[in-house]
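Engineer: Each chain, letter by letter, is given below.
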Amino acid sequence: MRSRNLIIGSVLTAIFLVAALVSFVWTPFDVTQMNIPSKLKTPNGTNWLGTDHFGRDIFSMIMVGARTSIAVALVAVSIGMFIGVPLGLAAAARQGSLLDEVIMRGNDLVFAFPSLVIAILITAVFGPGAVNAIIAIGIFNIPVFARLTRGAALPLWQREFIMAARVAGKGSSRISLEHILPNVTNLLIVQGTIQFSLGILAEAGLSYVGLGAQPPLPSWGRMLADAQTMVSFAPHLALIPGGAIILTVLGLNLMGDGLRDLLDPRIRVDRT
Amino acid sequence: MSLLAIQNLELSIHGAPILKGVSLDVAQGEIVAITGESGSGKSLTAFSVMQLLPRGTVTKGSIQLDGTDLLNAPDAEMCDLRGNDIGMVFQEPMTALNPLMTIGDQVMETILLHTSASHEEARLKAEETLTRVGLPSEKFKLARFPHELSGGQRQRVVIAMAIALRPRLLIADEPTTALDVTTQAQILDLLKDLVQDFGMGLLMITHDLAVVSGMADRIIVMRNGEVVETGETSALFANMQHEYTRALFAASSHEVDLPTNTRPDNALLVVKDAIRDYPRPRTELFAPREYNRAVNGISFTLNKGERIGLVGESGCGKSTLTRAILGLEPLQGGSITAFGQDVAPDMPAALRSGLQVVFQDPYGSFNPRHKVARIVTEPFHLLPNPPKGKDRQNRISEALIAVGLQPSDADKYIHAFSGGQRQRIAIARALIIRPELIIFDEAVSALDVSIRAQILDLIAELTQSHDLSYLFISHDLSVVRTITDRVLVMKDGEIVEDGPTEQVFNTPNHPYTASLIAAAPTLPDVKALTDVPA
Amino acid sequence: MLRYCLKRLLSLVISLVVASLVIFLVIEVAPGDPASFMLGINAQEDTLNALREELGLNQSKFERYMSWSIGMLQGDFGTSYTYRTPVAQMVSDRLWVSLPLALYALALSTIIAFPAGIYAASRRGGAGDVTIMGATQLGVAIPNFWFAMMLVLVFAINLRWFSAGGFPGWDEGFFNGLKALTLPAIALALPQAAILARVMRSSLLDILNEDFIRTARAKGLSRRQALWRHALRNALIPVLTIIGLQFSFLLAGSIIIEQVFYLPGLGRLVFQSISQRDLIVVESVVMLLVFAVIVVNFIVDLAYAWVDPRLRSRT
Chain A
1 MRSRNLIIGS
11 VLTAIFLVAA
21 LVSFVWTPFD
31 VTQMNIPSKL
41 KTPNGTNWLG
51 TDHFGRDIFS
61 MIMVGARTSI
71 AVALVAVSIG
81 MFIGVPLGLA
91 AAARQGSLLD
101 EVIMRGNDLV
111 FAFPSLVIAI
121 LITAVFGPGA
131 VNAIIAIGIF
141 NIPVFARLTR
151 GAALPLWQRE
161 FIMAARVAGK
171 GSSRISLEHI
181 LPNVTNLLIV
191 QGTIQFSLGI
201 LAEAGLSYVG
211 LGAQPPLPSW
221 GRMLADAQTM
231 VSFAPHLALI
241 PGGAIILTVL
251 GLNLMGDGLR
261 DLLDPRIRVD
271 RT
Chain B
1 MSLLAIQNLE
11 LSIHGAPILK
21 GVSLDVAQGE
31 IVAITGESGS
41 GKSLTAFSVM
51 QLLPRGTVTK
61 GSIQLDGTDL
71 LNAPDAEMCD
81 LRGNDIGMVF
91 QEPMTALNPL
101 MTIGDQVMET
111 ILLHTSASHE
121 EARLKAEETL
131 TRVGLPSEKF
141 KLARFPHELS
151 GGQRQRVVIA
161 MAIALRPRLL
171 IADEPTTALD
181 VTTQAQILDL
191 LKDLVQDFGM
201 GLLMITHDLA
211 VVSGMADRII
221 VMRNGEVVET
231 GETSALFANM
241 QHEYTRALFA
251 ASSHEVDLPT
261 NTRPDNALLV
271 VKDAIRDYPR
281 PRTELFAPRE
291 YNRAVNGISF
301 TLNKGERIGL
311 VGESGCGKST
321 LTRAILGLEP
331 LQGGSITAFG
341 QDVAPDMPAA
351 LRSGLQVVFQ
361 DPYGSFNPRH
371 KVARIVTEPF
381 HLLPNPPKGK
391 DRQNRISEAL
401 IAVGLQPSDA
411 DKYIHAFSGG
421 QRQRIAIARA
431 LIIRPELIIF
441 DEAVSALDVS
451 IRAQILDLIA
461 ELTQSHDLSY
471 LFISHDLSVV
481 RTITDRVLVM
491 KDGEIVEDGP
501 TEQVFNTPNH
511 PYTASLIAAA
521 PTLPDVKALT
531 DVPA
Chain C
1 MLRYCLKRLL
11 SLVISLVVAS
21 LVIFLVIEVA
31 PGDPASFMLG
41 INAQEDTLNA
51 LREELGLNQS
61 KFERYMSWSI
71 GMLQGDFGTS
81 YTYRTPVAQM
91 VSDRLWVSLP
101 LALYALALST
111 IIAFPAGIYA
121 ASRRGGAGDV
131 TIMGATQLGV
141 AIPNFWFAMM
151 LVLVFAINLR
161 WFSAGGFPGW
171 DEGFFNGLKA
181 LTLPAIALAL
191 PQAAILARVM
201 RSSLLDILNE
211 DFIRTARAKG
221 LSRRQALWRH
231 ALRNALIPVL
241 TIIGLQFSFL
251 LAGSIIIEQV
261 FYLPGLGRLV
271 FQSISQRDLI
281 VVESVVMLLV
291 FAVIVVNFIV
301 DLAYAWVDPR
311 LRSRT
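Protein chains in written order, with the working numbering: chain A, 1 to 272; chain B, 1 to 534; chain C, 1 to 315.
Hints should not be assumed to be uniformly reliable.
Stated by the list, open to error - Below, simulated DSS-like cross-link-like pairs (lysine-lysine); rule was C-alpha separation at most 27 Å, straight line:
(1) B/Lys192 to B/Lys125
(2) B/Lys388 to A/Lys170
(3) A/Lys170 to B/Lys371
(4) B/Lys192 to A/Lys170
(5) A/Lys170 to B/Lys412
In short, the hints are calculated from the structure, not lab data.
Bound conformation, chain A alone (with noise of 0.2 Å):
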């Protein structure tokens, strides 16, 4: 059935969550600690996943860095949610004005600028970090959320009990709140997911690059940046950190496709 999507989706990312939770209290080594003896090794009895070069072990860097990637995605998107739905309804509410078609160039401005972009820029002026790396991927979720959010509102404007609330006297914010915003909230939970599974990945890139969260704050790509020198003799460096994001990713996604087919199987996304 359809919705075992939605069941191995959740568990895929339920796992992560966990271990991300988890790694506040305990995990079963110190990721701070180095341990020279041990470096290198393969998965193990007593490393799970092996260790790195530095002889930390890989299972409790996960787990760590899993924190990293869902808190930048998950604060990302919602500031991309908070400003970008609203602006998406009011550029609805007034189409073809000059507000909405001020939101709509600007949708496309960003959309020039892609998170990297954005990241370069910011980090040239503030120093890279976390903080900079959710603003990036933030700004670059505003104008998804809008124009999302427009497209599905332009046509319920279009139907009769838009009309009868008008009627009924309700002006246009009201009308937005009341009547459209419930109409397109499923749109919005499906994308939502998938935005989150975008934004691990481009934490991932970012971190890879160097402009994402900094030492000691562990990441999966930074992860998979110290182990491009040593992956032909210690692959495991490079597997395990780029299979914590496949599936994390592929977790999301999965959980996405099968809220749509729970909530509403009309919806189509925007997977771009």
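For chain A, the structure is supplied; the task is to place chains B and C on it using the hints.
Structural biologist: Relative to the frame of chain A, chains B and C by itself:
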């Protein structure tokens, strides 16, 4: 042997039985009409002949075209037959054509697909065919795109594609339902003409008994996937055997018992020289902005107790006028006054509460996420002190009972209701704050004939029980004739006729009104038919 | 049609101007004084002032913006703070690595995605469709730089079909250059192809449900013919939008992926400049990247009008 012979056709989709043993035939040169209400399975029968059925369909029985089995034919064989021996015309002309291909290419495609004609030969034939269906190539170049044509013109293109190769059988599924009365008359005439000219058989699906009586040689009445009655047209109307056929006919010719209007003249709504312009999208580079005058100096008065009809074809401006009267759009000239005050988008709530509306689409008129109680009380927003608690409940129950529903329906979601029930809920919503004037905007146009009759009766009742006056907008002349005291005829943004209903229908003043009345198909006078000796 | 093109062109110009303003203003917010950063904390005040004068740091914001933007139009991107060489020189060689890489990846992505998406839509629900959907589901989850590492591991280190990195330069021959860019392009293209294939499939499936497809079938067209002759062109319209967006991701991705393949593209340059606070270089690189994206989107807009005649007659 008949051209088309359907025998005991059974059809189910995903296990649910839809057609339960349908049998009919169509002879060469004959026009056979299948009629019935929604859910009768008439369209599906037509699609079965073309074998254009949705996934999960299972069929049993036999469909034969001049002896060739269609039901079990492989798709390749059906592809050869479609467009060549069997043509089909569909209901919605606005979406029936590929928006990215020229009309010439689309007609040529039929020809190039089935014959070995060269490109040039196909082009000439396409031109010929388009001219034959009423789109002469001087005015309608082959290089035109569908979006440049009106609904009626697009339907002609669809017909051209279907008959380009003189098929033996033409199937038409509600071909004129989406069209205006005058365009409908033209398209029906065209079809009749083609049948005579080409000698082909025509299987026509339509819910409109009046259309059937004017077109068909034989009628087949369907209900719930079964054939209920068939016969030669005039014979069938003279002597309807099945009670469903009789009920259908009665509903189609239903006349409402409109209580007489005894109110003193007291103007509720006064429209004076109203003008409304729309900016047109710019097509030339630096041309000045052009405007479309949708409403061009309209004036009329609606007095208390009056029930006025507004008829007009699409594009005449009646929707624009409606929105202006409801205060949803501003006027560029003239005025609209209701209850003595000006109507405008910023009018006060107290004024709005005297004027409510019932829309056309029973499926689009409600927020799918709201329960009936919330939907019906939306106009409470206009009251300075909206009722709460027990009082609110009582008002809701009152409104629901008034329209023939139960108070317990207030707790349900809208998708639990049928089209007719939804319109009742829409009327309840309009009534709940006891407005003096309601605008019915094509309120019964999307309903089946039998449901329509019930809703019209309800509206007539309400004029007495709720002291209601209304403006009834419709393109359907027969409905307007029975539900209004006075009628306004609108054309190109202007009122061309304004007078008492019966008078206008019997002796129209304006030529346009006369043409509308002439074009509208009428049901046969059953009494006259039965008086004719057999 | 002319009006549409001119309107799009105007949009392009406005976007470029606004983008340049945004970039300029962000950099202006930068705390710190580039001159003292370059000369060190112990530099003398007059040397600092002389440098500031030379770099034009004493002019008003407006003057600096105007000289920067007009300079760019003439091909002068200023002088790097760190290397004291014209930025245009530094950037042009690297641009000719990053830009072709992004375009190569775009081409690969389209070549892979279109047949996959069309095939999946035409065999909806069948084994082929399910396989493709599964593969794309995995594909969109893969980080491109990680995939690049795996490709290097398999194809360069183990199989030795490609070199593990580096770029010989276009002077060594067009095909040699292309070969060096192939593994990176594949790494970039595959995840994007997965996305594009899904969009193609879903767009096609939507179109296949439309009335005019039924009309086409009623004329005698087979399912395949209806798909190729009628559905495909209509389905292209939303797909074109995605392609335009993809280019911006691919350009960003090419910058990231350079690190895996040691390519002399804009990435290395811009990251170094960030750590050296060479803001002129950062400004110029960002401006170029944004310019490339805006131009590609303009071309996509023109493509829309070519595909959809409805856009040509109204704006």
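Engineer: It remains to establish, for every hint, whether it holds in the given structure.
Structural biologist: Each hint, compared with the structure:
1. B/Lys192 to B/Lys125: Holds, because 21 Å separates the two Cα atoms, which is no more than 27 Å.
2. B/Lys388 to A/Lys170: holds (19 Å)
3. A/Lys170 to B/Lys371: Since the Cα atoms of lysine 170 of chain A and lysine 371 of chain B sit roughly 18 Å apart, the hinted pair holds (cutoff 27 Å).
4. B/Lys192 to A/Lys170: The given pair, whose Cα atoms are some 50 Å apart, is violated under the 27 Å limit.
5. A/Lys170 to B/Lys412: holds (24 Å)
Consistency with the previously given hints fails for number 4 only.
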